[in-house]
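Asker: Sequence:
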Amino acid sequence: EEEKKYFSDIMDSTDSEILDIVEDAMKIIDDELKEKLGIYFRLTMLSHLSFAIERSKYGTIIRNPFLEELRVLYPQEYGIAERFIKEVNEKLEYKLEIDEVGFITMHIHAALRGVKVSETSEQLTLTYELLKVIENELGHKINRDSYDFIRLLSHLKFAVNRAKNNIMIENILLPEIRKK
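First residue of the sequence shown? That's 362 in this note's numbering, and the numbers climb one at a time after it.
Be aware that one or more of the hints could be misleading.
Here are the simulated distance ranges between beta carbons [unchecked claim]:
1. TYR508 - PRO426: 17 to 25 Å
2. ILE423 - ILE503: 36 to 44 Å
3. SER374 - LYS456: 17 to 25 Å
4. ILE528 - LEU453: 26 to 34 Å
Since the hints were made in silico from the structure, they are not lab data.
As the structure is a prediction and not an experimental result, all values here were calculated from the model.
Beta carbons: idealized from backbone N, C-alpha and C, even for Gly.
Start from the sequences and build out the full structure, keeping to the hints where you can.
Answerer: Structural data, given as structure tokens:
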């Protein structure tokens, strides 16, 4: 019952042009994923894009600090989000910034995993903070286009997941590494 009211409120408060734009763009997601993510995802996207479009009208930009990390960690979702935002921008008077690609990527990733966007955001924040610590220790930024960056982010993502879920792994090479 609460979901019906939420759905009704969003539909009633959203301009019909925006509804059409979002629905057209949703076809990109459906086609790319070969599955429908359901009504809740559609409502989330509609709500998110309505606010993003409203912010765009007034020149308000919310920066997404995780664009590079999202591009590397979730390349399929990122590519879909790029095409989604391109489709939306082709039909809007006000253009959405590249940062929205990152936010849409987070929504798609969360929906595919069946988790809240806040969980994806938390993992990205921890990964980003670990990356900053590593770069500070190295004394330089790691090239975002390098294979090393991709591998490091992948390792950090799994390390964050293991820490969050209290999963311990045994490094069978550790005694040999300590000798050297």
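Asker: For each hint given before, does the structure comply? Return the numbers of the non-compliant ones in rising order.
Answerer: 2 and 4
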